[in-house]
Every structure is written in C-alpha cells, then in structure tokens.
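*Asks:* Each chain is listed here by its residues.
Protein chains: 2
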Amino acid sequence: MMSHKSTRPSIAVDVMGSDKGPSEFVRALIHLNQTDELHSDLILVGKKRLLERLIAVRKSKIDCSRITLLDASQVIGMDEKPISALKKKKDASMVKAIELVKEKQAQAMVSCGNTGALMAGGTLRLRPIEGVDRPALAAIIPSKKKPFVFLDVGANPESDPTNLMHNAILGKQFAQARLEIKNPKIGLLTIGTEQGKGTPNIIKTNALLEKLEGQIDYAGFIEGFQLFDGTVDVVVCDGFVGNILLKSSESLFGFIGETIKKELLRNIKRKVGAVLSASAFKDMKSQLNPDERSGAPLLGLNGNIIKSHGSSNAIAIASAIIAAQMVVDCDMLDSIKSDISLANQKIEA
Amino acid sequence: MMSHKSTRPSIAVDVMGSDKGPSEFVRALIHLNQTDELHSDLILVGKKRLLERLIAVRKSKIDCSRITLLDASQVIGMDEKPISALKKKKDASMVKAIELVKEKQAQAMVSCGNTGALMAGGTLRLRPIEGVDRPALAAIIPSKKKPFVFLDVGANPESDPTNLMHNAILGKQFAQARLEIKNPKIGLLTIGTEQGKGTPNIIKTNALLEKLEGQIDYAGFIEGFQLFDGTVDVVVCDGFVGNILLKSSESLFGFIGETIKKELLRNIKRKVGAVLSASAFKDMKSQLNPDERSGAPLLGLNGNIIKSHGSSNAIAIASAIIAAQMVVDCDMLDSIKSDISLANQKIEA
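For the protein sequence lines, the chains are A and B, in the order given. Heads up, the first sequence is in my numbering, so the first residue is 233 and it goes up one at a time. Heads up, the second sequence is in my numbering, so the first residue is 233 and it goes up one at a time.
Bound-form chain A, shown alone:
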C-alpha cells in the first residue's frame, strides 16, 4: 500500500457504510481545506476507483498532498449483524481502517458506519488497554451552560462500579482533549430514593470516585432533572442508561420539533409569525444538535476510534476528523493509560 513516514499525524477514514455515501466525505475534505484546521495526513479507506473519481472532480478544492487512498473491496452495511459481518467481510473498509490503527500506520480512525460492528471490531482488534475491562462510547451533549461529555452511550450495557469509575477517567481525558477543559468536573448519574442516591452499584461507584480525590474533580451525584443544566463537564453512567437516554432525547427533540411545526401551521397569523422567526429555529436546531461537535470516541482501547453518526453531513464528518486530530495531538491515549493505572493503584491501596 502506501509508505507513511511523515512526522505529521495520520488519520484513517472509513469512507464507506454511511447513509450519505463517500461523496459526503469528499465534501468534508473541501470543508477542511477551507477552514485550515487540518494538519494531519488522511488515509481514505474504501472503493479506491470511486474515490479517485470523486476526488478528481474536486481536486482544486482539496489539499491532495495530505491524502492517500487505501482500497477496500467490501462494505459493512448499517443493518448487518456486527459479529457475523466482521467474520465474513475481512476486506471491509471499516476493518482495514481499524487495522491501520493497530499497525500504527494511523494514530486514529474515523467511521460513520455500523456502530455495533465498529465497537465489536475495535474491541477485538485493538483490545482494551491494561487495567480496563470494557471500552466506553462517549458523546458530547449540549446544555444550558456548555457542552459536556456523556458516557457510556452504549458500549457496555452492564457496568460494574470499576467500569463506571474507569468511565469517569475516560470521560475526563476526552473532555480535556476535545473540549479543552483543564480540570473537568465529573458527575455520577443517579436517582434520589428513600435509601439515598440510587442503587448499590451507584453507591459503590460513588465510594470509588471519592477515593480518587486529587486525581479527578468529582462533583458527586447528578439527577436526571439536572442533566441539561450543564453543572458538570462529564456525566458518567452505564451503557444501558446512556444509550436509552441519548436515543430517547433525540426522539423527544424530533417530537417537540414536529409538534411546534404542526402548531405553527394551524392558522395564517401563526404562519406569518413562523416565517419571520424561521431563522431562530434554524439557529436553535444547530445549537442543540450541533454537527460541529460530532465524533464519539470509543475510549479505553489501544488505539483511537472515533464514531460519527450514520447520517453525518460534511460538517459532521470534518468535525469527527478534527476530534481525532485533537486526541492524537494531546496524546490522549498515553494520558489515559497512566491515569487508569494511577486510579487502579489508588483503589487497590
């Protein structure tokens, strides 16, 4: 394939398997060229001939000196069963992009493909780092005050207290890398009950996190009603709660939007009002569902994997690539390793 000896960081991009197809990735390259934020090399993994053609048409707008192509004959579809797809499709773009990270030819990979396959494939090929049992998928969520890191949003549906404690460290590291917060405040998601704050699992996790005083800025419990207040920079929960919460919030957001639209169309006066204030809704939507903060990392593995949602547009893809660049730039992986090792020592002590 390519020789890759530059000192610039290198990011593998799986350009297949997303809803909008590889041409959206080419648009992302144009966007990155315009914003001038990219100082990494990119290895685009996918149907090489198709990519060559797509890039050729737009080459005046793309910095081709940064780009290498790697052919992959297969694509994992959105609805394929992860494990069987990984077994059958050894030459899938996603698999080859992960392989580049494993072989250290890339320092990170980005994909908009099948989330289950990416989590399973990433975990199987890259393995969790020493001291971590299970990786966690993190998302960046907007709030009244400022965006926060929310994890786990689905990698590990059955987290024990140690997993949750590790999630706190992983979330802290990603908040430092991506949101550039020096000392992120960390909250543990729970409910108020007669007995106190939550389940035995949560009580144990709380005790572990309190032991990490000095290493993390632990703010204690966060209840559901505080979630979008933005009082902390990292919210920790298990992958079952996190996934349901993330998905149902998107569902609620869509439902509210639909209801507003229906109400605004109910009479002429409202319609005129809606036309005059239309830009407000656009701005609101991009504030609450920002493509600029796309890029959910699968944290805790020996390599950087960044997931962008299946229907990512060029802005979202560019943002995920920049997220990958940021975690590489600040050596997040090394920081995670030493931070986890320190935490495990403290807990065992």
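These aren't lab readings, by the way, just hints derived from the structure by calculation. Some hints here could point you the wrong way.
It does not matter which identical chain is meant; a pair holds if it fits inside one copy or across any two.
[Claimed, not checked] The list that follows gives simulated cross-link-like pairs (lysine-lysine, DSSO-like), each with its CA atoms no further than 27 Å apart:
#, residue 1, residue 2
1, Lys578, Lys494
2, Lys313, Lys429
3, Lys493, Lys319
4, Lys377, Lys503
5, Lys279, Lys494
6, Lys501, Lys517
7, Lys291, Lys501
These figures come from a predicted structure and were not determined experimentally.
Could you slot chain B onto chain A? The hints should help.
*Replies:* The following block gives chain B in isolation, referenced to the frame of chain A:
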C-alpha cells in the same frame, strides 16, 4: 371523624405538602364542579380550620355535599427524608389519607406531596398485593401518536425480570383504566447490542413476557429512538432508567424552551414573528406537558395511591382526582390481583 356509608366511591385527598398550598385544591374543586366529571365523595385531609375558611369563601362554586374534612395537624415537607418524616409525623395529612385507604373508608388517595414519603408510606401501610414484590410508579407520557403509560418511573430502581414482568401487567391495567384502551400494546425498553437486544435481565424479561401470550398484547422490544413515536401503549423499564429518563426529558424540554426563547429575542424580525406565533407555543407546551393527564399511580399495592407532581395547578389536581375515580370505577385493584395471579401461574407452569 366522619360517617361514610354512601355507595358512591370515596377519594381521600391530601391537600397539604404541595408547592402551591391548599388553596390550589379549592380551585381544583371549583374546576371539578364546572366540568361535572366527579361522581365520587372527597375526603380532604389537612389543616381543617384553614380548609374550612378557604372553602367558605368559594362555597357557591363548590359542590359541598360531596366533601368531608379530616383534620391533620402535621405536614410532610418536600425536602424531608421519607422514612424519618414518616416516623416522626404520625399525624401528617399524607399518612392519614393513606390510612383512610387502608381502613377502606376511601377507595383511593391523591397527594401532591413528597414522592419518596408517599412511596415508602404507601408501601409500608398498604403492602404489596399477593404475588408482587415491589410496587411501580407509572406516568402518562405524550407521544407523536397518542399518550402512553411509562413505568416504573422510580419506585423500584433495581428490578429483576419478575418485577419487570409485573410492571407490564400493572401498566396494562392502568392503560385500560385511565386511557381506556381495551387491549394495550406493551413494549420492553432496551438497547441494541452486538449480542442482541440488551442485558441478560432484559433477555429474561422478554422470555417471561412471551410466556404471557394471550394475556397481554406484547409487542417486544422498544429502543430509545422509538420512545416518543407512540408505537405502543405501555413502555416497561426499571425504576432507575425510568426515573432518569422522565426527569431528564423534563430537563431537556426546559432547555429547548429556553433556547428557542433566547433565539426568538435576538432581533426585531424574530420578535415580531414570536408575538404572532405565541399561541402556537402555548398550545405546544400544553400538548407536551399536559395538566390534563396528571396523576401517577403507585401500582401493585393493596390500595390506590395517585401522585400528582409537587407544583400541580388546579387542572392537574382535578385530573389526578379523576384518575383516582377512574381506577376505582373500573375496579382496577381487583383486576390487577387476578391478572397478576394468572401471570404468576403461567410463569410457574
């Protein structure tokens, strides 16, 4: 106290301990008199002298023939620790209202007070019905198509598969009583994972629910992204997930509202538009956060307890009283007992 021998159903109402105070309950009585939906007797439990004064001023607008007053010298505050408050305040309005249900002087009780105290007090005094380990708190949630019953929203944060199976039965019964759906479709909330749909707990619950074929209309799994689509009439989950989801949805709703408001005030054109379309937002709000569907039952106990939120207005209080009347009218308690017993037999078979 009172003699209560009428054949009309009797509902105990704890008029203390809510954010808006007992005068809001008097407004609810006026509303109920206007709408003519009430055919039950009401026993108002609280500071009797205060109530007498409040009612005297409005007595022309209230059907006083339906109302009895029961004095209670104490009030459990919103922020009190449930168990210790219950121990200390034997003469609290909430406690006495529950007691009326226990002594069968009332067929249901309604309270806007401290949720934890209501759940603990209700469970301790009324006890779970035979065959049920733990009660579940249910809420009615709006969706794109139609409202649905969502449970458990916080009574039992650690549900095992049997608890969750019972939640399905309890939710079915409440959907029949309150939403008047003959054969409610039931969904089990979960996430998609590499292994399938969710955790071992969820897989086991799914197997139990499949065994109840013929007894319930089980529609299988529901993922977070489908929650507000309204594809089912009852959504089942544990009290940890349910509470976080309910509270965070309210938090998200508030956050979206604030963001829209901020964006609409950004310039003159938008402001004019906002004025013209203001009624649309009001209608949207009352559609998504309807006071008309207030009243969350604590299901699975030997007696009907209906919780309305702490800041309930007159409409919400009236709606909770009507919810109580509906579950009494259709003998929900008896139906629950036989339905649970049948389910337990099927599972053991």
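*Asks:* None of the hints should be skipped; say for each whether it holds.
*Replies:* These are the hints, each one checked on the structure:
For a Cα distance limit of 27 Å, the shortest separation of Lys578 from Lys494 qualifies neither inside one copy, at 55 Å, nor across copies, at 45 Å. Only between protomers do Lys313 and Lys429 lie at most 27 Å apart by alpha-carbon distance; the minimum there is 12 Å, versus 37 Å within a single protomer. In this homomeric assembly, Lys493 and Lys319 never come within 27 Å of each other (Cα to Cα): the closest approach is 45 Å inside a single copy and 51 Å across copies. For the homomeric pair Lys377 and Lys503, the shortest alpha-carbon distance between copies (23 Å) is at most 27 Å, but the shortest distance inside one copy (31 Å) is not.
For a Cα distance limit of 27 Å, the shortest separation of Lys279 from Lys494 qualifies neither inside one copy, at 43 Å, nor across copies, at 46 Å. For the homomeric pair Lys501 and Lys517, the shortest alpha-carbon distances inside one copy (23 Å) and between copies (18 Å) are both at most 27 Å. In this homomeric assembly, Lys291 and Lys501 never come within 27 Å of each other (Cα to Cα): the closest approach is 49 Å inside a single copy and 41 Å across copies.
The earlier numbered hints that this structure contradicts are 1, 3, 5 and 7.
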